[in-house]
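Peer 1: So the chains spell out like this:
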Amino acid sequence: MAVKANVEGKTPTTTKMTGAEMLLESLKRENVEVIFGYPGGAVLPIYDKIYDAGIFHVLTRHEQGGIHAAEGYARISGKPGVVIATSGPGATNIVTGLTDAMIDSLPLVVFTGQVASSVIGTDAFQEADVVGITMPITKHSYQVRDVNEIPNIVKEAFYIATTGRPGPVLIDIPKDMAVIAGEFDYSKEINLPGYQPTIMPNHLQIRKLVEAVSQAKKPVILAGAGVLHGKASEELKEYAEQQNIPVIHTLLGLGGFPADHPLFLGMAGMHGTYTANMAIYESDLLISIGARFDDRVTGNLAHFAPNATIAHIDIDPAEIGKVVTTKIPVVGDSKEVLKQLIHQDGKRGDNEEWVNKLTGWKQEFPLCYQPSSDTLKPQKLLEMLYEYTNGEAILTTDVGQHQMWSAQYYKFKKPNRWVTSGGLGTMGFGLPASIGAQLADRNATVVSVVGDGGFQMTSQELSVIHELNLPIKIIIVNNQSLGMVRQWQQLFYEERYSHSLLSNQPDFIKLADAYGIKGLKATNDEEAEQVLKEALEFDGPVLMDFRVVADENVYPMVAPGKGIHEMVGVKL
Amino acid sequence: MKRIITLTVNNRAGVLNRITGLFTKRHYNIESITVGHTETEGVSRMTFVIHAEDERIVEQITKQLNKQIDVLKVMDITNQAIVARELALIKVCSTPSNRNEIYTLIEPFRATIIDVSKDSVVVQVVGESDKVEALIDLLRSYGIKEIARTGTTAFARGTQKHASNMKPYSIV
Numbered sequence: 001m002a003v004k005a006n007v008e009g010k011t012p013t014t015t016k017m018t019g020a021e022m023l024l025e026s027l028k029r030e031n032v033e034v035i036f037g038y039p040g041g042a043v044l045p046i047y048d049k050i051y052d053a054g055i056f057h058v059l060t061r062h063e064q065g066g067i068h069a070a071e072g073y074a075r076i077s078g079k080p081g082v083v084i085a086t087s088g089p090g091a092t093n094i095v096t097g098l099t100d101a102m103i104d105s106l107p108l109v110v111f112t113g114q115v116a117s118s119v120i121g122t123d124a125f126q127e128a129d130v131v132g133i134t135m136p137i138t139k140h141s142y143q144v145r146d147v148n149e150i151p152n153i154v155k156e157a158f159y160i161a162t163t164g165r166p167g168p169v170l171i172d173i174p175k176d177m178a179v180i181a182g183e184f185d186y187s188k189e190i191n192l193p194g195y196q197p198t199i200m201p202n203h204l205q206i207r208k209l210v211e212a213v214s215q216a217k218k219p220v221i222l223a224g225a226g227v228l229h230g231k232a233s234e235e236l237k238e239y240a241e242q243q244n245i246p247v248i249h250t251l252l253g254l255g256g257f258p259a260d261h262p263l264f265l266g267m268a269g270m271h272g273t274y275t276a277n278m279a280i281y282e283s284d285l286l287i288s289i290g291a292r293f294d295d296r297v298t299g300n301l302a303h304f305a306p307n308a309t310i311a312h313i314d315i316d317p318a319e320i321g322k323v324v325t326t327k328i329p330v331v332g333d334s335k336e337v338l339k340q341l342i343h344q345d346g347k348r349g350d351n352e353e354w355v356n357k358l359t360g361w362k363q364e365f366p367l368c369y370q371p372s373s374d375t376l377k378p379q380k381l382l383e384m385l386y387e388y389t390n391g392e393a394i395l396t397t398d399v400g401q402h403q404m405w406s407a408q409y410y411k412f413k414k415p416n417r418w419v420t421s422g423g424l425g426t427m428g429f430g431l432p433a434s435i436g437a438q439l440a441d442r443n444a445t446v447v448s449v450v451g452d453g454g455f456q457m458t459s460q461e462l463s464v465i466h467e468l469n470l471p472i473k474i475i476i477v478n479n480q481s482l483g484m485v486r487q488w489q490q491l492f493y494e495e496r497y498s499h500s501l502l503s504n505q506p507d508f509i510k511l512a513d514a515y516g517i518k519g520l521k522a523t524n525d526e527e528a529e530q531v532l533k534e535a536l537e538f539d540g541p542v543l544m545d546f547r548v549v550a551d552e553n554v555y556p557m558v559a560p561g562k563g564i565h566e567m568v569g570v571k572l
Numbered sequence: 573m574k575r576i577i578t579l580t581v582n583n584r585a586g587v588l589n590r591i592t593g594l595f596t597k598r599h600y601n602i603e604s605i606t607v608g609h610t611e612t613e614g615v616s617r618m619t620f621v622i623h624a625e626d627e628r629i630v631e632q633i634t635k636q637l638n639k640q641i642d643v644l645k646v647m648d649i650t651n652q653a654i655v656a657r658e659l660a661l662i663k664v665c666s667t668p669s670n671r672n673e674i675y676t677l678i679e680p681f682r683a684t685i686i687d688v689s690k691d692s693v694v695v696q697v698v699g700e701s702d703k704v705e706a707l708i709d710l711l712r713s714y715g716i717k718e719i720a721r722t723g724t725t726a727f728a729r730g731t732q733k734h735a736s737n738m739k740p741y742s743i744v
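For the record, the sequence lines run as chains A and B. For the first sequence, position 550 matches number 550 in our numbering, and the numbering has no gaps at all. For the second sequence, position 26 matches number 598 in our numbering, and the numbering has no gaps at all.
Don't read these hints as lab results, they were simulated from the structure. Just so it is clear, CB atoms sit at the ideal spot from N, CA and C, and this is done for glycine as well. Hints may be right or wrong, so weigh each one.
Unchecked claim - Only pairs whose alpha carbons sit at most 30 Å apart, straight line, appear in this in silico BS3-like list of lysine-lysine:
(1) K188(A) <-> K208(A)
(2) K574(B) <-> K327(A)
(3) K717(B) <-> K79(A)
(4) K28(A) <-> K690(B)
(5) K562(A) <-> K518(A)
(6) K411(A) <-> K79(A)
(7) K327(A) <-> K635(B)
(8) K639(B) <-> K322(A)
(9) K155(A) <-> K717(B)
(10) K733(B) <-> K690(B)
(11) K562(A) <-> K703(B)
(12) K639(B) <-> K690(B)
(13) K639(B) <-> K335(A)
Claimed, not checked - Facing chain A, from chain B, some residues (calculated, C-beta under 7 Å):
(14) L588
(15) R598
(16) K635
(17) Q636
(18) K639
(19) I641
(20) D642
(21) I716
(22) A720
(23) R721
(24) G723
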């Protein structure tokens, strides 16, 4: 690195650097603490600089693991996760993670290597049109065409990834761009005339909403992950209490409102609580905050909040009116909107009766399952986990039955304790995500609750957990099947269990042992209690193989195509 | 319903790909696209003619386009006073005996013959889609060998008669 001659005696703003040096310097300027990556031919010049850049790099054992770890990191820290993958297969291996981050609005800045500019388009070794492949699954993407652009591109990428509705941004770097030298200048202002997220809400819309609340007799708030992204948990609680409005969470929103709060009704949707779904069904005013009316939440749209005025608060205007017709649209940041609503201190609606009715339902229709003493019920397992961790652990999951039981029985009291693949429903997400989560919060108890199917999709990341000695507690909810697939085959496909039973499994304890990780196994309540307590007290990673009742189903349930008021399995 | 949507975009690599990809992803049908430079360097203008089932889909399209970082402005100008033009080249079978007939036929359309060969002529016509359509229909009886159409390009007229007809889609 050579500092440019400075004739006028002012501080020089540009420095001569190679592209790879620029990249790492830019990451330092963005205060990046950790990179998740995997080297390869096209990123060799970058890795050569990482060698002594003094930046913490986690070598995951597969690029998919790397990007899911970055998602876990982003979810817990609120900062963008940074990923590096090589060209071709390295880049295509992160496609699932990019899609997952896109649909769940997680900020990522992802660097992919590319073959040298001179051979792009010739089907060179490990060449793939990564920008083309990832266009629909990134918030934005760049390919570096001029080395001097690198600082600006990185700066823009971090800005785009973290502002407005967060999302993944990809930067494709041809190999030669990392090698040649240019002028490093990080002082340029970001200039994006086509990107101006709306943060402050329109005052008129706020007034309309305040008026609607004062008229409503059966209001309810449906809060999604937008509350977490906006760091608006405190405001949500204050507003709900001020107006005495019950709160329901989407799967991804869990933790935004304390689960033990009297106004909390639980999760909505396919496996939501009876009270939450019925409250939406009967409501006369539904205030959605940072949620996007996913079909797993709404069920059959014809029966979704049929009598309600819909107010939709979202930072992304394209979400408003996308699925449900909205009477009161409010575009803005969840925190700002809630602050203004609190500030308005509008007249409370006459909703005492409504709140009392819902509280009664909560007592009458709690989540339930048939207890069993000699076998282990997965619900019981999650209840025990909740109890022994005092509801304060970080949970990461895949998708499926274990995910729903975690969402139902682990009562999150605080925000940013819950890392799950919601929109995309990615198997193999939970284990690598736990690595990122633990790195984002070193002192937290991180529990990765996974199914036996999903665990086997990314189990190679046990190596990273061992290498970094991350004290992650891995719970395999082992029902020797792809549980949710099996459940649907049982209920809707005449018990024809086509390729959903996984009785041929590795010995997970031996597998853990092979990676140098402590392994424990339990088959009933008593053993489960011992195993959980031992694992939570152990200073280091533990893998737990919980042999749960194989044919247990997730209830209550809104069958596909049904309205959310048509739940089955509400009572035993 | 047919809608004309114009976009100004940063003229960067992959912008068209991103936008057409968005149409594919969300199952929107494009009838035509035209792209070209604008008066500002580095900024291109795109004109999309699309078919949408209802207003809600048009609104979604507009919003989704607006979300793209390189999209500077999106306007649905269908209900405005606009100038919309399309150019078509039509190669028509023609012998010396009926050439004059074709000349006479295309005259009211202010179309011109821009190439003549032994057995064909190439007609160039500029106008709104309906006019182009009408001329093609008339020429069909002579035998059309080839058609090349540019798709519609359009913008709002300098003077708008009924400002109330404008459809601003930016919500609140």
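Peer 1: A separate judgement is required for each hint: does it hold in the structure or not?
Peer 2: These are the hints, each one checked on the structure:
Among the hinted pairs, K188(A) with K208(A) is inconsistent with the structure: their alpha-carbon atoms are about 41 Å apart, more than 30 Å. With a C-alpha separation of about 26 Å, the suggested pair K574(B) and K327(A) falls inside the 30 Å cut-off, and the hint holds. In summary, the hint linking K717(B) to K79(A) is not supported, as the alpha carbons are separated by about 61 Å, beyond the 30 Å threshold. A distance of roughly 71 Å separates the Cα atoms of K28(A) and K690(B); the hinted pair therefore is violated under the 30 Å criterion.
Among the hinted pairs, K562(A) with K518(A) is inconsistent with the structure: their alpha-carbon atoms are about 45 Å apart, more than 30 Å. Proposed proximity of K411(A) and K79(A) is supported: the alpha carbons are some 25 Å apart, at most 30 Å. For the hint linking K327(A) to K635(B), the alpha-carbon distance of about 17 Å falls within 30 Å, and the restraint holds. Pair hint K639(B) plus K322(A) holds up; C-alpha atoms about 14 Å apart against a cutoff of 30 Å.
Distance check on the hinted pair: K155(A) and K717(B) sit about 54 Å apart at the alpha-carbon level, beyond 30 Å; violated. A C-alpha spacing of about 49 Å is found between K733(B) and K690(B), which places the hinted pair above 30 Å, so the restraint is violated. In summary, the hint linking K562(A) to K703(B) is not supported, as the alpha carbons are separated by about 50 Å, beyond the 30 Å threshold. At most 30 Å may separate the alpha-carbon atoms for a hinted pair to count; K639(B) and K690(B) exceed this at roughly 53 Å.
Restraint check: the Cα-Cα separation between K639(B) and K335(A) comes to about 21 Å, which is no more than 30 Å; the hinted pair holds. Annotation: interface hint on L588(B) violated; nearest CB of chain A at approximately 11 Å, more than 7 Å. Contact between R598(B) and chain A, as hinted, is not supported at the beta carbon level, the nearest pair being about 10 Å apart and thus beyond 7 Å. Taking 7 Å as the C-beta cut-off, the interface hint given for K635(B) holds, the closest approach to chain A being about 4 Å.
Against a cut-off of 7 Å between C-beta atoms, the interface hint on Q636(B) holds, since the closest Cβ of chain A lies about 5 Å away. Taking 7 Å as the C-beta cut-off, the interface hint given for K639(B) holds, the closest approach to chain A being about 6 Å. For I641(B), the suggested interface contact is upheld, since its CB lies about 5 Å from the closest CB of chain A, less than 7 Å. This hint holds: D642(B) has a C-beta 6 Å from the nearest C-beta of chain A, less than the 7 Å allowed.
Annotation: interface hint on I716(B) violated; nearest CB of chain A at approximately 36 Å, more than 7 Å. Because the beta carbon of A720(B) sits about 27 Å from the nearest beta carbon in chain A, more than 7 Å, this interface hint is broken. A distance limit of 7 Å between C-beta atoms decides the matter here; for R721(B) the minimum to chain A is near 27 Å, and the interface restraint is violated. Because the beta carbon of G723(B) sits about 22 Å from the nearest beta carbon in chain A, more than 7 Å, this interface hint is broken.
Of the hints listed earlier, those the structure fails to meet are numbers 1, 3, 4, 5, 9, 10, 11, 12, 14, 15, 21, 22, 23, 24, in rising order.
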